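K.L.:
Given chain Y's structure and the hints, the job is docking chain A onto it.
Residue numbers (the numbering used here), protein chains in the order written: chain Y, 1 to 475; chain A, 1 to 487.
Any given hint could be a false lead.
What the hints assert, rightly or not - With a straight-line Cα cutoff of 27 Å, these simulated BS3-like cross-link-like pairs (lysine-lysine) come out: (1) A:Lys-415 with A:Lys-466; (2) Y:Lys-374 with A:Lys-87; (3) A:Lys-87 with Y:Lys-91; (4) Y:Lys-341 with A:Lys-87; (5) Y:Lys-353 with A:Lys-466.
No wet-lab data here; the hints were simulated from the structure. Note that the structure is a prediction, hence the values are computed from the model and not measured.
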Amino acid sequence: MKVYHSFQEIQLDLNTGKVSCKELVSHYLDNIENNKHLNVFVEVYKAEALQQAELIDAKIKSGKAGKLAGMVIGLKDVLCHKGHGLQASSKILDKFISQFNGTAVQRILDEDAIVIGRQSCDEFAMGSSNENSAFGPVLNAADNTRVPGGSSGASAVAVQADLCLASLGSDTGGSVRQPAAFCGTVGLKPSYSRISRYGLISYASSFDCIGILSKNVEDAALLLEIIAGTDEYDSTVSNKPVPAYSQLLKFDGKARIGYLKESVESPGVNGEIKDATKGLISALQKDGHTVEAFEFNLLDYILPAYYILTTAEASSNLGRYDGVKYGYRSTNITDLESMYKKTRSEGFGKEVKKRIMLGTFVLSASYYDAYYTKAQKVRRLIKEQTEKLFEKYDFILMPTTTTTAFKLGEHSNDPLSMYLADLFTVQANLCGIPGISLPYGKDKEGMPIGIQLLSKSFDESRLLAFSQHIFKNLN
Amino acid sequence: MALDKAILDKYQPVIGLEVHAQLSTQSKIFAPDSTEFGSMPNTNVSVITLGHPGILPRLNKKVVEYAIKMGLACHCEINRVNFFDRKNYFYPDLPKGFQTTQDKAPICKGGYVNIKLKDGVEKTITLNRIHMEDDAGKNMHLAGEVDTLVDYNRAGVPLIEIVTEPDLRTSDEAFALMNELRKLVRYLEVCDGNMEEGSMRCDANISVMLKGAKEYGKKVEVKNMNSVRNVQRAIDFEIERQIELLEKGETIFSESRQFDAENGTTHGMRTKEELNDYRYFPEPDLQPLHISDKWLSDIRSTMPALPEELYARFHKDYSLSDYDISVLTDTKEMALYFDELCSKTKNYKAASNWVMGSVKSYLNELTLHLNDFPITTAVLSELIALIDSGKINYSVASQKIFPELLKADGRSPLKIAEELNLIQESDSGQLEPIVQEVLAKYPEKVTEYKNGKKGLMGLFVGEVMKASKGKADPKVTTALLNKFLDN
Numbered sequence: 001m002k003v004y005h006s007f008q009e010i011q012l013d014l015n016t017g018k019v020s021c022k023e024l025v026s027h028y029l030d031n032i033e034n035n036k037h038l039n040v041f042v043e044v045y046k047a048e049a050l051q052q053a054e055l056i057d058a059k060i061k062s063g064k065a066g067k068l069a070g071m072v073i074g075l076k077d078v079l080c081h082k083g084h085g086l087q088a089s090s091k092i093l094d095k096f097i098s099q100f101n102g103t104a105v106q107r108i109l110d111e112d113a114i115v116i117g118r119q120s121c122d123e124f125a126m127g128s129s130n131e132n133s134a135f136g137p138v139l140n141a142a143d144n145t146r147v148p149g150g151s152s153g154a155s156a157v158a159v160q161a162d163l164c165l166a167s168l169g170s171d172t173g174g175s176v177r178q179p180a181a182f183c184g185t186v187g188l189k190p191s192y193s194r195i196s197r198y199g200l201i202s203y204a205s206s207f208d209c210i211g212i213l214s215k216n217v218e219d220a221a222l223l224l225e226i227i228a229g230t231d232e233y234d235s236t237v238s239n240k241p242v243p244a245y246s247q248l249l250k251f252d253g254k255a256r257i258g259y260l261k262e263s264v265e266s267p268g269v270n271g272e273i274k275d276a277t278k279g280l281i282s283a284l285q286k287d288g289h290t291v292e293a294f295e296f297n298l299l300d301y302i303l304p305a306y307y308i309l310t311t312a313e314a315s316s317n318l319g320r321y322d323g324v325k326y327g328y329r330s331t332n333i334t335d336l337e338s339m340y341k342k343t344r345s346e347g348f349g350k351e352v353k354k355r356i357m358l359g360t361f362v363l364s365a366s367y368y369d370a371y372y373t374k375a376q377k378v379r380r381l382i383k384e385q386t387e388k389l390f391e392k393y394d395f396i397l398m399p400t401t402t403t404t405a406f407k408l409g410e411h412s413n414d415p416l417s418m419y420l421a422d423l424f425t426v427q428a429n430l431c432g433i434p435g436i437s438l439p440y441g442k443d444k445e446g447m448p449i450g451i452q453l454l455s456k457s458f459d460e461s462r463l464l465a466f467s468q469h470i471f472k473n474l475n
Numbered sequence: 001m002a003l004d005k006a007i008l009d010k011y012q013p014v015i016g017l018e019v020h021a022q023l024s025t026q027s028k029i030f031a032p033d034s035t036e037f038g039s040m041p042n043t044n045v046s047v048i049t050l051g052h053p054g055i056l057p058r059l060n061k062k063v064v065e066y067a068i069k070m071g072l073a074c075h076c077e078i079n080r081v082n083f084f085d086r087k088n089y090f091y092p093d094l095p096k097g098f099q100t101t102q103d104k105a106p107i108c109k110g111g112y113v114n115i116k117l118k119d120g121v122e123k124t125i126t127l128n129r130i131h132m133e134d135d136a137g138k139n140m141h142l143a144g145e146v147d148t149l150v151d152y153n154r155a156g157v158p159l160i161e162i163v164t165e166p167d168l169r170t171s172d173e174a175f176a177l178m179n180e181l182r183k184l185v186r187y188l189e190v191c192d193g194n195m196e197e198g199s200m201r202c203d204a205n206i207s208v209m210l211k212g213a214k215e216y217g218k219k220v221e222v223k224n225m226n227s228v229r230n231v232q233r234a235i236d237f238e239i240e241r242q243i244e245l246l247e248k249g250e251t252i253f254s255e256s257r258q259f260d261a262e263n264g265t266t267h268g269m270r271t272k273e274e275l276n277d278y279r280y281f282p283e284p285d286l287q288p289l290h291i292s293d294k295w296l297s298d299i300r301s302t303m304p305a306l307p308e309e310l311y312a313r314f315h316k317d318y319s320l321s322d323y324d325i326s327v328l329t330d331t332k333e334m335a336l337y338f339d340e341l342c343s344k345t346k347n348y349k350a351a352s353n354w355v356m357g358s359v360k361s362y363l364n365e366l367t368l369h370l371n372d373f374p375i376t377t378a379v380l381s382e383l384i385a386l387i388d389s390g391k392i393n394y395s396v397a398s399q400k401i402f403p404e405l406l407k408a409d410g411r412s413p414l415k416i417a418e419e420l421n422l423i424q425e426s427d428s429g430q431l432e433p434i435v436q437e438v439l440a441k442y443p444e445k446v447t448e449y450k451n452g453k454k455g456l457m458g459l460f461v462g463e464v465m466k467a468s469k470g471k472a473d474p475k476v477t478t479a480l481l482n483k484f485l486d487n
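Okay, chain Y solo, but in the shape it has when bound (with noise of 0.2 Å):
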């Protein structure tokens, strides 16, 4: 069977009776047997899915499918899919079922989606490279030797290797723009607030935000206007009109875009990288667009606050893992105590174990005023000098990563490295505005290159319609 590259190739050819939903799944968990080795899928719902793309077959013959009729997709393993296990790659979780649907699976489910199976990922979405995953590695499609990104490294590998049309994942300092950097596929993170977080186990929860893989920008920009919403399960959501982003992507007019000043100087980034974003903004220049460069003076603050921010908030939401409801429990206990401390020490993974106590140490009385308040403050300027930005400009330019996808280890004994590629994405988590990363071309060896586009708050729909414009005209 062909591959697909667009849910519109895949609708026109369910309407005219080339494919069936049945034939797409059946494809899809081919590829999925022929590629275990990446190691992207912790469970396949084989027969479920099969029987799921029969029943919308016969939606689709007497009109009545919805929205998402033929679209496959896999849900990173931290989204709640009512009777499905759900485990954030952890040991703590440990045969856990979900026992409801979170609102954005809701909402694909009702639109007719079909889930094909829950995606690998870092612990509790805690990571950069899906190595801290309690199912093993996971591998990066382009270079089997190299990491696929993270957190959500293998919903961008189950895009990039055509395991399913798209992924949903979650993104709290770039674990969707990342991966899709990584593995060459659109990632998208919206707004704040602008998805619920109903059903999304929580990693810090005033940043995280279900994002979407996709192959284009399109299949983004209809996720999106599905999922997205007001929702009376969650009070931060926002309640403001979702328009329909599908339909909105022609980009008509010139932009003003701002490009970060060190993403193209810096030694830090990587040559290739830097002369792709080079490329692109000429490319910019030349299609009319004013590009212009601008220094952040507070960019050395962005991964301090970030990392403290959100290892506090991970720290609380983290602490109902404890052995007592369910998931793991360490049976080597003799009292209450024990029970607490063997479980958790059993159950999470070193990194998690190692945010858990940053945050908890952060949050504790003593320290709560130097680093928690501190931080907050930062954050809130960082977020005014942010919100400046777009006053002059419409888009903010720059390479999603410092650097294109790294050996497997590579960076294991050295976390702060491991921080560091995320220091581009985690701006946008900060001041809880949209962001996307679009794949620019390759590097020498072959592996994908991102480029970030970030908008103000709630402008999806230009940034998704400019995106389009770069994805089909400029790249």
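P.N.:
What follows is chain A alone, placed relative to chain Y:
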């Protein structure tokens, strides 16, 4: 332990209370689960209550409304921008690993409650705050079970915590304050005030210092008192325990102690130093809660009259004794019943006697609620009018007619009196023969009376009543007796 009064008198106890009241909302503070007490274990537990991965809280607005009501009743300042905070600690009854509470921005700030002690002395107790939070589940240790079981039905039930300043000086004051707070939550119908079932709980912070000292002593927190009386007992015990320690030259540890109701003592749980650092921080899963002028005034407009207000008004409008008024305003239902009754009769004292007497004892005897009382104020006022008109007397009304009225079969007091032939004889023409008969029956007593034994009048009246089967009007009877005896 019984310390000499002279020793006790050297010290000044200082007490502050932290009172938790479970709000009587239908559903939990952050989940739609029922709050019903006494359900089978773990039946009112959704994924939200159990803290499953992926859940988010959703604030029940009724909780805010109830908290504000209590705040207004206690003269607090209502905080217009509210945040919730997480209080992080590990315990099996705490499903999320944190309690959602208000640390930095409580919904009610300051405020006060007036209490009245037994000797009539009044005192104002200042509040520090009232804040909203969620309750934890309950660990259960069943007989014969090695494992601890946990019931999460209570987890997420809304609470307000009322925190006083260390204004209390005696256990009597604490007793009066608890009673007053309980009266308030019941008037407002925000909590059933039932300490035995745990819907109202009290922790007491107690310290003692030498009288005249400038600094408070080390504070001990006593928990687990399941009645107002036990709050008082726990405080009394703790004050003596601390004084005894100080007298022996020992030091007091800041700690949490558990009250044991069986023997009236307290024992240490764990020292405060060893307690968790709760790592409070703002709850990121809830939006700041803004309380608009409109919402606040809507809530204010639904506030019932409060005991203090009714007390003052009853005093002014009905000129009753302090004792009567405090009984009548003890519950809102009784106060409102009485108030309504007084709109239908001008004989306030009679109204008060009826409500505090026959009505209250009937309710107490059958443990009924005033809402289930069958006699309307209109009917009761007719009964009072019937007595006042002289058609029946009080004892006939209370012993013969009141029980008939409880049947609430639509018959008026007058109709019942007629049916039972109880209309009293006030026609002196009719009564004269009876009076003469009675006097004829007791010639010696008449002589004694005439010789100055005036107390015999009671006997004559009683005999006339008996002979008339209770129908004689005592006033007319007395007048007739006087007429004949003085001749």
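K.L.:
Please go over all the hints and tell whether each is borne out by the structure.
P.N.:
Cross-check of the supplied hints:
For the suggested pair Lys-415 of chain A and Lys-466 of chain A, the alpha carbons sit about 22 Å apart, so the restraint of at most 27 Å is met. At roughly 20 Å between alpha-carbon atoms, Lys-374 of chain Y and Lys-87 of chain A fall within 27 Å of each other, so this suggested pair holds. Taken as a hint, the Lys-87 of chain A and Lys-91 of chain Y pair is honoured in the structure, with Cα atoms around 26 Å apart against an allowance of 27 Å. Distance check on the hinted pair: Lys-341 of chain Y and Lys-87 of chain A sit about 20 Å apart at the alpha-carbon level, within 27 Å; holds.
With a C-alpha separation of about 92 Å, the suggested pair Lys-353 of chain Y and Lys-466 of chain A falls outside the 27 Å cut-off, and the hint is violated.
In terms of the numbered hints stated before, the structure departs from hint 5 and from no other.
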